Amino acid sequence: MNFLSPALLIGLLAAAIPPIIHLIHRRKAVRVRFPALEFIQRSNRKTQRRYRMKQLLLMLTRSLLLGAIAFAVARPYLSRGADPQVAAMDAAGTTVVVVDATYPMQYVLDGESLLDRARLQAGRVLDALGSTGRAALTVAGERVDVPIGEPTGDLGAVRRALGEVQPSAAFGTLPDAVARAYDLLAEQPAEGGRRVVVLTTARGAASDLPRPPAGEGSAGIELIPIDVAEGKPLPNRALLDVTVKAAPEIGANQWRVDAHVANYADEGVDRLPVRLEVNGEPLVRGFVTLEPGQDAHKAFHARFEAREPVPVSVVLDEDGLAADDRRTLWLHPAPRVRVLAVNGAPHPIPYRDELFYFERALTSGAGAAQVKLTFTDLDGLEKLSSFKDFDVVVLANVGDLPPERASGLEQFVRAGGGLFIAVGDKVDPLTFNARLGALLPRSLRDVRASGDAAASNEAGDRQYAHPDMFDRAHPILEPFPDPERSSLGRTRIDRYMLLDPAPNAGGRVAITLDDGAPFLVTHVVDAGRVALLTVPLDRDWGDLPIRPDFVPLMTQVLRFLTRVSAVDTTPVLVGKGAPIPAEDPRVKRVVVEAPSGERFPVERPPAGDDGPWAFLRTGTPGLYKVLPDPPLPDLAALPGFAVAVDPAGADLRGAAPKDPAGEPVAQNTAARIGAERRTELWHAALFALFLLLAAEAALLFKRHRDVRV
Amino acid sequence: MSEKRRQIIDPALLARVGGLKYRARGLAEGILTGQHKSPHHGASVEFAQHRQYEPGDEVRHIDWKAFAKTDRYHVKQYEDETNLRSWMLLDTSGSMDYGAGGRPTKLEYAGRLAAAFAWLLLRGGDAVGLLTFNEKLGRYVPPRARPDHFWQLARLIEGEAVGGKTDIVAALRHIAEIAGRRGVVMLFSDCFQFDDRLIGLARQLRGRRHEVVVFHVLDPDELEFPFEDLTEFEDMETGQLELADPRGMREQYLLEMKAFCDGMRKRLLEGDVRYVRVRTDEDPERVVLSFLEERRA
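Protein sequence lines correspond, in order, to chains A and B. Numbering-wise (this note's numbering), the first sequence opens with residue 488 and increments by one. Numbering-wise (this note's numbering), the second sequence opens with residue 2 and increments by one.
No wet-lab data here; the hints were simulated from the structure. Any given hint might turn out to be false.
Stated by the list, open to error - A short, non-exhaustive set of chain B residues, derived as facing chain A with CB atoms under 8 Å:
#1 223
#2 230
#3 232
Given the structure is predicted, the values throughout are model-derived calculations rather than measurements. By construction, the Cβ of each residue, glycine as well, lies at the ideal position given by its N, Cα and C atoms.
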């Protein structure tokens, strides 16, 4: 008799628990003074013998019950070969067993994981080796482990090592494990044969496993891949990817979560439930219908008013392989942008004020929670000592900027600040170019009326210009999937500021008017960014402020200028290094908290080291927190990261194992290993357990006679 | 032997039972006419006290002088007027000291019952005596009918030491020797030493026209045996130890106890002895009332 998990036999010690409890209770007998002792003595004489026997039987039953549980979970089985002697002769020599412990092997088939099946079949391989065979063991997990590196005749040691193989969430290490097996065999004598037995899925067996090396020392090495599922289909539905993005075009605090779902099965699935969880609580539930082998994207839109990073998960209903049915990411709320808006043309009538629409857009629409607005005018600007308390400065129709303020603004931008310039009738191009020329993407030239263009266009009768060309790759236009058909494209402009059409003009034009004039231009100045809008923020030169897309446009401009989209939420694959954000030079060391709660300190690499600062112990999928160590008063935590399983392992469909030459695995090999039948005994153990439970119930059953004195 | 003063006087209980009357079942052999029918009539010698007139009293015994002074009817009572003599036999052996769960001990409860009956009888002008006993005879107070006699009885019960084994037969034999006339004999005990000699003595008393009542006082623990864990039981009279698992023998214990109680009841009833089983968690007043109700029926 063999055991699939012999280590669990330690549970047999639990059989000692009932006698121990009995002894403890016996010692705890209390003394009671009682008048009717004679009756107790008489009753004792009549019942004690029977009662003691019953208690003894009960204790024995309970001990056996606990022992049966331990026996059952150790997975006993009887191994029977068709002809053990022949099998032993065939399998003599040196065998390296390669067990695939990557996450696809966690697939549960008929109530048993593929890894358990692999252990069982590896045990069968060892049985077939007989007394003359020698074996080694390599395991493909998060990395390649070699529990038994030197082939040994002590097969018991190999079995014990097999029992200790743990499943891993990694994927892709099987080829390396096979290559390692070849290395081990190369040093072994060729007598009796040398073979590498790979226990994996059909997909793993059909993948590009390395062929035996062609060197002289490696001649005759045989590769025997075995499908532990024995050809049974392994239908699997998987989450391949999940992305989270802000969706200001929908509204304030709106986010879009995209899930990429695949159906790796021979049958389609109708209305597969997909749910979005925030902080572990289900928030939205949707369905996706998939044909066999098809993949699809499912988008969720949800509103989160988070100030701190929030765990967001997309979850599929659990199937055979649970590891790829959930993906979790950090949702990093955009930081609050501190904006100083300088009003160059204030007006007592609110809607005629230069910043009326701008303020409404940022305080009542999308991004309201992410923006802290401070308003001032030219007088206030002169009194301002510095711009260090702001992330972005908005110059709205500011005509005569004092020279010292312009110089301060330039320093602010070069140091990493954002500057948003919206022109207007107060802006004199010559003066503006003189003061802020170093920051402008292109020099201002003159105000042009759209009617001028119409007059010069003999065929046309237009009076307004419209935004026409959009740089879709520009981050500002990210939330506009189809800008030409959006309200931006229908904006009517009757005047705008012409920019210098120099051939080597700087900046990047995000939006161009239909007459070719730039409408929105951005520019990078050292560490800072500048955006220039060639119309004002009020309705004097057009109707941009009353277009619905004005709100997301302004939000995106501010996000662009403050680089708030810098946090990368793409999950790291299990086993790969996760980069640690290292912008803040004060952070020399961090503590990474794994999903299990375990904490790992990570030191910043020394100055001369070119390697990235990364965390390498990403063996568990889930969310990791990154905390500065020691904590900084103004920086409680750095952006965390997510670790996910490699979606490449989700597709378990595959043909029957073939040898490296492309032929199906030899029949004699299959006969040698596969023909052996195992008789699992855990069912019998469970049956015995039920019998023992029934016996215990019978012993505990007491016909209740209602004796009343 | 433990000797401590126990609280047996319950004023509320006494107030409630004081208004009741104890009527002898047969002819009580008294001196004066009163509430009990008596084979003797007339003889009265020594004035004892006044008592408030109650319907049934002879009109000729009304003290008209007292009526003139107080405007209330009183009858004169004489020392020897009582038509009913009663003896309370109180078991003070060690087993009577059991009481658990905040309940009174069996002796305290028996003392309260005896006191209640004594009060009831004395209020009716009857004579009450008391004998305490364990394996030996204890204190004996002969029957008297004076109202202040109650306090003498109460003090004795309250101060009586508890301990030792039980010998009910000796106590009954003593009473049989001294109680020559018809009367009432009340035995308060857990009766664990019940045997045929007791029945014989009880019959002997019945033959002499005494009314014999056995109050079988038991604690609920003795009747329900609520113990769960492995327990070492110690006998309260002998100190003997017995280890037992109550869960395994509760049913048998209850059967034994039931057989004992039923057997004793049957034997006593056959001897025309009244048997009253009392639990110490019962209201003593209810016990007295149901006893009197039963007697009337």
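Quick rundown of the hints versus the structure:
Satisfaction of the interface hint for residue 223 (chain B) is found here, the shortest Cβ-Cβ separation to chain A being roughly 5 Å, below the 8 Å cut-off. Because the beta carbon of residue 230 (chain B) sits about 7 Å from the nearest beta carbon in chain A, less than 8 Å, this interface hint is met. At its closest, the beta carbon of residue 232 (chain B) sits 5 Å from a beta carbon of chain A; the interface hint therefore holds under the 8 Å criterion.
The earlier numbered hints are all upheld by this structure, with none contradicted.
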